[in-house]
Structures are given as structure tokens and as C-alpha cells.
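K.L.:
Listed here are the chains, written in short residue letters.
There are 2 protein chains.
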Amino acid sequence: MEQPSSTKRNCLPSATFDETVGDPVVEDMEEERKNFFKIIAAFKYYRHSSVAELKRKECFLQTLPASHQDMLHSYQEHLRNLKRCIDMNAQVIKQIIQDANCLFQNADHNIEPDQQPSEGLKIRYQDFQKVQITLKQIFRDWSEHGKLERDQCYKPIIEEITTFFDPTKYDLSKVKILVPGAGLGRLIYELACQGFYCEGNEFSLFMLIASNFVLNRCVIENQCTIYPWVHQFVNNLSKKHQLLPVSFPDVSPTKYPPKGTMNMVAGDFLQVYRDENYWDCIATCFFIDCANNIIEFIEVIKNILKPGGIWVNLGPLLYHFSDVPHEGSIEPTYEDLIEIIRSLGFIILKNETDVMTSYSQNPNSMHQSHYNSIYLVCQKPLN
Amino acid sequence: MEQPSSTKRNCLPSATFDETVGDPVVEDMEEERKNFFKIIAAFKYYRHSSVAELKRKECFLQTLPASHQDMLHSYQEHLRNLKRCIDMNAQVIKQIIQDANCLFQNADHNIEPDQQPSEGLKIRYQDFQKVQITLKQIFRDWSEHGKLERDQCYKPIIEEITTFFDPTKYDLSKVKILVPGAGLGRLIYELACQGFYCEGNEFSLFMLIASNFVLNRCVIENQCTIYPWVHQFVNNLSKKHQLLPVSFPDVSPTKYPPKGTMNMVAGDFLQVYRDENYWDCIATCFFIDCANNIIEFIEVIKNILKPGGIWVNLGPLLYHFSDVPHEGSIEPTYEDLIEIIRSLGFIILKNETDVMTSYSQNPNSMHQSHYNSIYLVCQKPLN
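Protein chains in written order, with UniProt numbering: chain A, 1 to 383; chain B, 1 to 383.
Looking at chain A on its own, in the form it has when it is part of the complex:
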């Protein structure tokens, strides 16, 4: 995970990060700028890193007996086709980072995705992987192919919120919803389409850069095509599954702007949100298990909710820091978590388990995985 960005910045609707909001210390800004360029570099050299990965496979293939190489003609052709898909991914990534140029208003970096990394610049393998994850996240949040996953997790949240905040009783434009861990912003878009005021918070610059592109620069449906599964070399039944194109966005947020308001804020949830009794609703989807200390997250959610406001949560308990070296982590089971939520003063309105959800799952892979998620609706008492 990259360094936290501690200042509060809007990337919507202005399409630029506002560096004047908050009061960042100069060294922090320098650190953030470095981090920003590191991530831009990971995007920029996506093609180089991907082709290097293919080359390693081709080189190994050259060491095999001639009789084996003869049997692998079709596989070799497949590798060449994968390279073409990587080229097309790189073209889309070029557009994504081109727009990121204006995220830092006085940025002076030069974006040329086809270049080789300069001497001394090392792209970390985990950052290359995060670029791949970003492509899968586009599949999940903004493609027709990702509809099943979105229906599994966003639909119950949206239905819950629209039922609770009945439009005949509430002026939805004044109902303030926060979505921490907003990723590529589909959930905030959908909530804003219902008429709510909805703010997304996101920590990862990979997500922020890509969401900025989808939310502000994709003007027509299915404007771009990516190949999200080209890096998955295992458990493929067919070559065409690995080469599957995915177009996005299935809906253009600029062409069909929501009737409500949406806003995306960069930064660490724990540092950005301090105003007590501010939000009418907080919706967390695959988010609360991203904490070193989950109680801290739930405590902040409780503090910033208005009395009578609700917290809707869906997701598993895949505590992200559980096996990260040099990171602290507590991992209470769900039954302990429920007790903690109660002891923090929440009224539990709904408490369901075994809600089937998948996350960036390649539908054609021979390996299928899903979460039996928990679904919680909790209310902050009126006094």
C-alpha cells in the first residue's frame, strides 16, 4: 500500500486535486509528490514490465527441446496475441495517466508510456501488480461484464439507503452519504444518481488516478477497451478467455451526470474525517477489514455519523494487514466484532451473514473464489 495522503482534496467536479485545502507540512507534500511519481511510473512502464514478463516465458521456451517447441506453436502465437493486448492496455493507461497530469496542478513530469524505465528507476513488482489490479477494478466497477459483482454488493446497499431515506420524506440532495474506500467510484455515482449528496474517500493513488479518468474523461459509453485477464497465465481453459476484451464505461458519468452531487476525496479515512455528527449515512463495501485496528474505523464511523444516521456495511473480514511484515493487526472474528459494535453504542438493525459476493473474479477462470460476506445495518442512537 502506498503512503497515505493526509490532505483533503477534491478531484470532482474540478478534476484537479486542490492542494490548498488543509494544511500540509512542506516535507509531507514532498513525500506525497514522490509517491505520486512512483505510482505514475508504475503506470508509465506497464508495457515495459508486461513485455519483460512475456520475454521471460519466451526465453524459457527457447531452452526446451525442439520437439517440445514444435508442440507449442499455438502457445507461442498466443504469447504474441497477448503482447498485442498489452499494447492496447498500455494505450488506455496512457490516457489514464495523461489526465493525472492535472491532478497535481504544477506537475512537470513527462508521460510517455512506451518508454523504457530510465537508469536507476526500479518499478517494484507489487506496483506493477497494482496496475494489473486497477485494470480488474475497471472491469468490476465500470464494465457491463462486472454487473454481476456490482449487483451482489452495491444493490443491497443502495436499496437499503433508498428505503431508509424515503424520497417522499427527505430532500435527498441534503442527505449526506460518505463512502470510505470508494475505489473507482461506481457506488458514489449510483448513490448520486438517486439524488443523494455522496462523497467517496480513497487512499490509493492507483484508484484515484483511474477513477478521475473514468468519472471526468470518459464522455461516451464503452469508449475504451482493456484486456483485464492477460496477466493471468494459470487456470485458463481457452486462449480466448485470457484475451477477453472488456469495454468501459458501461455508462458515462459525464454524459449522464447524476441528479445528486458526487465528490471524491483523497486521503487516509482516519485522518481526513474529524467532523462529528456530520454524515447522515456511511456506506462501507469491502472496506472495514483494511484497518490495522478495526475498532478505530468503527469508532470514527460512529463519531462522524449524525445521531439517528445509519452505517451500512457489506464485505468479508479479510484483515489486510494480517500477514504484512512489520504491520500490527488485530483480527477479531465476526461474533466478537458484533459485540464491539454494540459496545460502541450502535443499534444493530440488520445482521446477516453468508451474503455471496465476488471480487474482481475472472468469470472464465478454472479457479473460482467468493466471499460469504457479512451484511450489517447499524444506527447511531438519537442520544
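Be aware that one or more of the hints could be misleading.
No copy is singled out in the list; a pair is fine if it fits within one copy or between any two copies.
BS3-like mimics (lysine-lysine), calculated; alpha carbons at most 27 Å apart, straight line [what the hints assert, rightly or not]:
(1) K302 - K57
(2) K122 - K38
(3) K239 - K302
(4) K240 - K350
(5) K176 - K55
(6) K239 - K350
(7) K122 - K34
(8) K130 - K239
(9) K122 - K147
Source of the hints: derived by calculation from the structure; they are not laboratory data.
If you're wondering where the values come from, they're calculated on a predicted model, not measured in any experiment.
Using the hints, position chain B against chain A.
P.N.:
For chain B alone, kept in the frame of chain A given last:
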């Protein structure tokens, strides 16, 4: 993956590895001995490594605000219960490695699982993880709880083989079956129970040491109890799921010896099996994707099968070396693989996909994963 063991050795029925078979070079033997002790050390310091993992969690917990610690009393008690389960796992592991003493006939190491690692000895984290995998493998192969997984993958293989080698037409004791990647030996036991002569081949010393214990030293049903899920801190609904005891073996191979013959051979499949036209049947279950070059595996299978003999395969294509640094790997998709198998001269008798199989899956976890495996029956032509 540990170093290959290139010599052919029996660990059944003699319960000792025969170091005189084959023609190992002295340096190879020294290398193998070092590797053996490294793996024994990973088992031996299982308790130490596990308690260190718990301690890290407890230390982080101590840094939390007092109010949070108050909410975590139940979680803290849970950590203490986990420690008791780890102690019990360590007792079983002590028995498992005690018996491993006689695998190398002139071994002089001292096995005391409760000790701290001596100065300078570092247990690699991946070896600690392999001890955990071994516990899960015991669940899969030798517990009542693992029956579902076994029925998914071993049952179709056994039924195929008993149908092909009809006992009214064949003297099963003379039908020679090889199971490469035999793991903890359940499949070879089941095939030997049908009356066949069955040999398992295994490369991993973790598996060989544990299978030796189950096959030769477990004299009554459910003689031992382990806690295979204690190291899974994520996606637990309930504390009792993480603390679930699993007894083994559900059947004792020493108390109910098979009517046929079974034998386990240590070593690298590619190096050990050279005799052409020797086996009547080869059964591979979650094995063929463990190759750097899958063609090499299939070619050996073809060579060592008798004309008219069959190869039964079930499993996914999770090419194990796909993302291992400094390892070569080719990853043909299933459609290419079928063509390769045909071009090697096999007659394909059955070719199914989407056979649902799971592998060491914690049935209570909120994260569920399975493979839509391929199921293949191939025959070597008579001429």
C-alpha cells in the same frame, strides 16, 4: 519447494528410506541430508514460530488505547485458546517427526519440538507455512471432515480405474498403478484397498514425513487431534471455527491394511521414473501443473505406461512456477494442452471440464474457493 531428492527410496512397508537404492553422488547425499534437517527444523520449531506469530498480535494489542483493549477481552481470551491449540498441534508434530528419525537410517539429530531455535538457525517463513499446509493436508487426506474433498477428486479416479480394470478379467494384484504427487497417500491406500499394486511418488519431504507417520504409525482410528485452522486469522465468523479440532486418521492403514500392495517412493518424478512400458495405469490428481514444463511430465507418463494402459487425470492448471522468480514456466491453456496430449499419441477416452473440486478448503471460512477442474482419461495406443 524444497530441493529435489533424486534417489529412489521406499518408505513403505519398511518404514525406513532405503539409501542404497539408486546411485547418488556423495555431494548430493550431503545436500539431501541438509535439506532433510532444514525441514525437520521447520517442524521442530513449529511451536516457537507459531507462538512468535501470536506474540506479535498481542504486542500490537498492548499499544492500543485502553478503551479498545477493554473491548478486546474476548479476542484476547481467544488468542490464549489458540495458543493451547498450537501446543496440541506441536505435540502431534513431535510424534510425526519422532518417526522421521528412522527415515534416514543413520540420523543423529535430536528432536525436541518445544525448544527455541539455536543461534544462527533461521526457520524460513515459507517453511513454517509448509508445516501449516501439512496440517491442512492431514485434514484433506485423513480426516472424516475431509471426506467431501476426497469424494470430489479421488472417487471419480477410483471408479474409472476399477471399471477399466474389471476384477473379473484382471488379477488386480498384478495391475501396477503409479500415483505421482501422492501427498499424504490416501489415494494409493484406497487403490491398494481395491486390490491393486499401487505406488505413490512424492517430492516434498513435508509430505513424505507426514505420510510415513499416518501410513505406518497410526494404529487406531482418530488417534491424533490437530487444529488445522488456528493460523487462519481472517474471515472467521466464529471463534469456534478457528479452534475446530480435526481427528485423524478416519481409518488406520496399519489396522486395516489394504488387500493389494502400496508403496511410497521419494524423489523427483522426472528423475525416478525411467522404465518404459512398465505401468498399467497412472493416476494424477492435482499434479501435472506442478511442472516447469508440463510436456515433460506428459511425455514421461506416456513413456512409462504400457501400451494399452491408461492415464487418469483430475485437477486445475494452476501452473506452480508461473510466478516464482528465477523459475522457467510454460502455461498452455487447456485447449492447447489437449492438442499436445493428442500429438504425443494418446487416445483421449474422456475429456470433461467444470469438475468442481476444492483443495484444503476451510469449510467454515467466509472465503470459499474451488476449482472447475479438468478430468481426462487417456490411453496409450497398443502400437
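K.L.:
Work down the list of hints and note, for each, if the structure agrees.
P.N.:
Verification of the supplied hints:
1. In this homomeric assembly, K302 and K57 come within 27 Å of each other (Cα to Cα) only across copies, at 25 Å, whereas the closest approach inside a single copy is 51 Å.
2. When the C-alpha separation of K122 and K38 is checked against a cutoff of 27 Å, the pair qualifies only within one copy, where the shortest distance is 9 Å, while the shortest distance between copies is 34 Å.
3. In the homo-oligomer, the alpha carbons of K239 and K302 lie at most 27 Å apart only across protomers (25 Å), although the nearest pairing inside one protomer, at 49 Å, exceeds that limit.
4. In this homomeric assembly, K240 and K350 come within 27 Å of each other (Cα to Cα) only across copies, at 23 Å, whereas the closest approach inside a single copy is 43 Å.
5. In the homo-oligomer, the alpha carbons of K176 and K55 never lie at most 27 Å apart, since the shortest distance is 50 Å inside one protomer and 42 Å across protomers.
6. Taking CA atoms no more than 27 Å apart as the test, K239 paired with K350 passes between copies only; the shortest distance there is 21 Å, against 44 Å inside one copy.
7. Taking CA atoms no more than 27 Å apart as the test, K122 paired with K34 passes inside one copy only; the shortest distance there is 14 Å, against 36 Å between copies.
8. In the homo-oligomer, the alpha carbons of K130 and K239 lie at most 27 Å apart inside one protomer (24 Å), although the nearest pairing across protomers, at 33 Å, exceeds that limit.
9. Taking identical chains as interchangeable, the C-alpha atoms of K122 and K147 are never at most 27 Å apart, the minima being 36 Å within one chain and 48 Å between chains.
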